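Since chain R is already given, all that's left is putting chain F on it; use the hints.
There are 2 protein chains.
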Amino acid sequence: MRRHNSAMVLAEVLRRPGLSRAEVAAATGLAKATVSSLVDRLVAARLVDETGPQSATGRGRRGTGLTPSPTGPHGLGVEIGVDYVATCLVDPTGGEHAHRVHPGDNRGRAEGDVLADVARAVSGAHADAAERGVPVGGLGVAVPGLVDGKGIVRAAPNLGWSDVDVAAALGGDLPVLVDNEANLAAVGELAAGQGIRDFVLVSAEIGVGAGVVLDGAVRRGTHGFSGEIGHVCVDAAGPECSCGARGCLERMAGPAAVLADAGVRTRAPLDLALAELVDRLSEGDDRARAAAHRAGTLLGLALAGAVNLLDVPAVVLGGGYARLHPWLAEPVAAELDRRVVAARWSPTRVLASALGARAAVVGAGQAALRAILTDPDTYVRRVTTA
Amino acid sequence: MRRHNSAMVLAEVLRRPGLSRAEVAAATGLAKATVSSLVDRLVAARLVDETGPQSATGRGRRGTGLTPSPTGPHGLGVEIGVDYVATCLVDPTGGEHAHRVHPGDNRGRAEGDVLADVARAVSGAHADAAERGVPVGGLGVAVPGLVDGKGIVRAAPNLGWSDVDVAAALGGDLPVLVDNEANLAAVGELAAGQGIRDFVLVSAEIGVGAGVVLDGAVRRGTHGFSGEIGHVCVDAAGPECSCGARGCLERMAGPAAVLADAGVRTRAPLDLALAELVDRLSEGDDRARAAAHRAGTLLGLALAGAVNLLDVPAVVLGGGYARLHPWLAEPVAAELDRRVVAARWSPTRVLASALGARAAVVGAGQAALRAILTDPDTYVRRVTTA
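The listed protein sequences derive, respectively, from chains R and F. No gaps in the numbering here: position 170 of the first sequence is 170 in the UniProt record's numbering, and each next residue is one more. No gaps in the numbering here: position 7 of the second sequence is 7 in the UniProt record's numbering, and each next residue is one more.
Just chain R, with the same shape it has in the complex:
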């Protein structure tokens, strides 16, 4: 009961910062005394700040305004990339801090070595938090692969991983939430708020994945394996993909394919190769532009299938595709217009991710934070009994 009420009180403060205890009581229907004692706990755990007397609103007496605390428990976001490990901190108001990227090719390395690097990066992020004088409330970890409902990485082909328990490997006392990088990028995108609550975010790193968002919630599917748009077939007679099938989007229009088509040497980190591609595209290089156009057409074909199936009003290009958005948007939109049956009544917007390459790590931090904000009492008990 206290757990439920505590969540209700905090949700109200997050939704309308500045409310007094009495106003929270009125909004939630809880007794004033109950609200006051819940708020005291939230203040003690630094989830809520008291900001001095509210400005007078004309009626009733002044109360102390309550706001989410920017120095409260932070979500620590981690992204295990194929050629980097990234971390960041997200504060209770949603602000992101201390974004760090540690380059390093993780392909073909022993998973224990990679996880040791990840643990070092996490230690670094804890040091960032300590330096800012803020607590870390939990970890979110983005992984480029299939993550099941229990957080086990069933397969991350580009890392060569199968059945890896990342949460156990990172150990520690904090809750650890592990999810697919595109799902977490979608969480980041939702939090960044381009004002859309229904979309498919397609994210290109070394691999290509998607986050499916309906009614403001990421749909992880029955087993957690949704969003595998990289293995949607765009040409049944196409070349064989690492997954064993033929003509998958990732194989034909993923970053490696675009770079090869454009005549840009693929190398680690991918970021550098993409930067070179963007340079050539900006200069109007014909081969680069033809490669981007071809990739955009195939991406549009796959996205048209998703939009025909789900009727979402927007698709979001994320990760590497976000950087290529200026050259991909037109062919993607053209395919959507050609292939989406309802296009005449509901044209689909083709947006670039607001967070670009940071989406997954920020989304990981947001997800860790959200786990606390939607169940603050569990956090409060954890820190007050520690």
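Treat the hints as calculated values from the structure; they're not laboratory data. One should not assume that every hint holds.
Here are the simulated distance ranges between beta carbons [said to hold, decoys possible]:
id: 1; chain 1: F; residue 1: HIS4; chain 2: R; residue 2: THR64; range: 32 to 38 Å
id: 2; chain 1: R; residue 1: PRO347; chain 2: F; residue 2: THR51; range: 23 to 29 Å
id: 3; chain 1: R; residue 1: ARG197; chain 2: F; residue 2: THR51; range: 43 to 49 Å
id: 4; chain 1: R; residue 1: LYS150; chain 2: F; residue 2: LYS150; range: 41 to 47 Å
id: 5; chain 1: F; residue 1: GLY95; chain 2: R; residue 2: ALA217; range: 30 to 36 Å
id: 6; chain 1: F; residue 1: ALA33; chain 2: R; residue 2: ALA11; range: 30 to 36 Å
id: 7; chain 1: R; residue 1: THR64; chain 2: F; residue 2: VAL43; range: 50 to 56 Å
id: 8; chain 1: R; residue 1: LYS150; chain 2: F; residue 2: HIS97; range: 26 to 32 Å
id: 9; chain 1: F; residue 1: ARG3; chain 2: R; residue 2: GLY63; range: 33 to 39 Å
id: 10; chain 1: R; residue 1: ARG349; chain 2: F; residue 2: SER36; range: 52 to 58 Å
id: 11; chain 1: F; residue 1: THR378; chain 2: R; residue 2: GLY149; range: 53 to 59 Å
Given the structure is predicted, the values throughout are model-derived calculations rather than measurements. For every residue, glycine included, the Cβ atom is placed at its ideal position computed from N, Cα and C.
Only chain F this time, still in chain R's reference frame:
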């Protein structure tokens, strides 16, 4: 408030038929007097029956058992097919009655003429209800096309319709709910209950459409245009579809394509041509079997895209595909196995629709019924003030 409580009481009776008023009060947390007066209204409107003293359960006194009334308001389902109009009645316990199919090719006819036929079929269904001595509570209408959130048929290409207000055309005092036939087939499938709450139902009539069901709810999309799997591309270089795009599933593996491939003359009603195809398949006709195998492979390719995106544990073959299930299931399953990245951890079941060709019309009746059962008080007020 009464509206909410009335819905709660009826939901409890539907969930656990046989409860007494006191047991409903205990289960809902409402006062016994409140429950009793709500039940009186539900009984007066024939939504609930009193079934005499409950059998003794060993504790407490006996009460009158409450059950959903099979003679209460029925949902009248209508399906406007391309070459038939069908109707049925669905009683408050979910039982279906008086299923009627009126053959007749509706292609190229003026929409007013078709709607006049539909109105006649609806009158016939009302007569069926009158003969049974049961009231009709509302209509559900299944249409093979894009239906927007307001129930306007934006486009039904195989009927040649655009912007048709079916509800207004059918007039009358009853509420009319209009939706895409595949969405309503999915409603029927959910009610028929093969025990799955997450699936994609792909339904083949003249056209091919899908109902996307997640967490037990049909996802209609932002504008109501979801489920257009018939226009998912299965071969970018394929033949042109009526929608203007190339290589759509409907064009390459819809009933017309399968029949042509198999060398069976397409004719109205489609049903007869499919019956001939089924005969040939049963006899082991090579050409027919090759055609079904080819269609199943393409269907599997399109469904693999949907499963990769949504991670649903089952696909359901509906309408014409349900009749071909014995020959489609294997190639569909093979493609799912080949193309779904998570197939190893979550093999997808390939089911035949439990309702077959009746799914859309039964789903239409179920949807009309559900509108009453989820808001019984509105119905009660309607019939008691009439």
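Outcome of the hint check:
1. Checking the proposed 32 to 38 Å range against HIS4 of chain F and THR64 of chain R shows it holds: the Cβ atoms sit about 35 Å from each other.
2. For PRO347 of chain R and THR51 of chain F, the hinted distance range of 23 to 29 Å is not satisfied, since their beta carbons lie about 55 Å from each other.
3. Between ARG197 of chain R and THR51 of chain F the beta carbon distance is about 46 Å. The supplied range of 43 to 49 Å therefore holds.
4. A C-beta distance of roughly 43 Å is found between LYS150 of chain R and LYS150 of chain F, which places it inside the suggested range of 41 to 47 Å.
5. Checked against the given bound of 30 to 36 Å, the beta carbons of GLY95 of chain F and ALA217 of chain R, roughly 35 Å apart, stay inside it.
6. A hinted range of 30 to 36 Å holds for the C-beta pair ALA33 of chain F and ALA11 of chain R, which are about 34 Å apart.
7. The hinted range of 50 to 56 Å is satisfied by THR64 of chain R and VAL43 of chain F, whose Cβ atoms lie roughly 53 Å apart.
8. A beta carbon spacing of about 46 Å between LYS150 of chain R and HIS97 of chain F contradicts the range 26 to 32 Å that was offered as a hint.
9. Checked against the hint of 33 to 39 Å, the pair ARG3 of chain F and GLY63 of chain R passes, with Cβ atoms roughly 35 Å apart.
10. For the pair ARG349 of chain R and SER36 of chain F, the beta carbons lie near 53 Å from each other, so the given range of 52 to 58 Å is met.
11. A hinted range of 53 to 59 Å is violated for the C-beta pair THR378 of chain F and GLY149 of chain R, which are about 39 Å apart.
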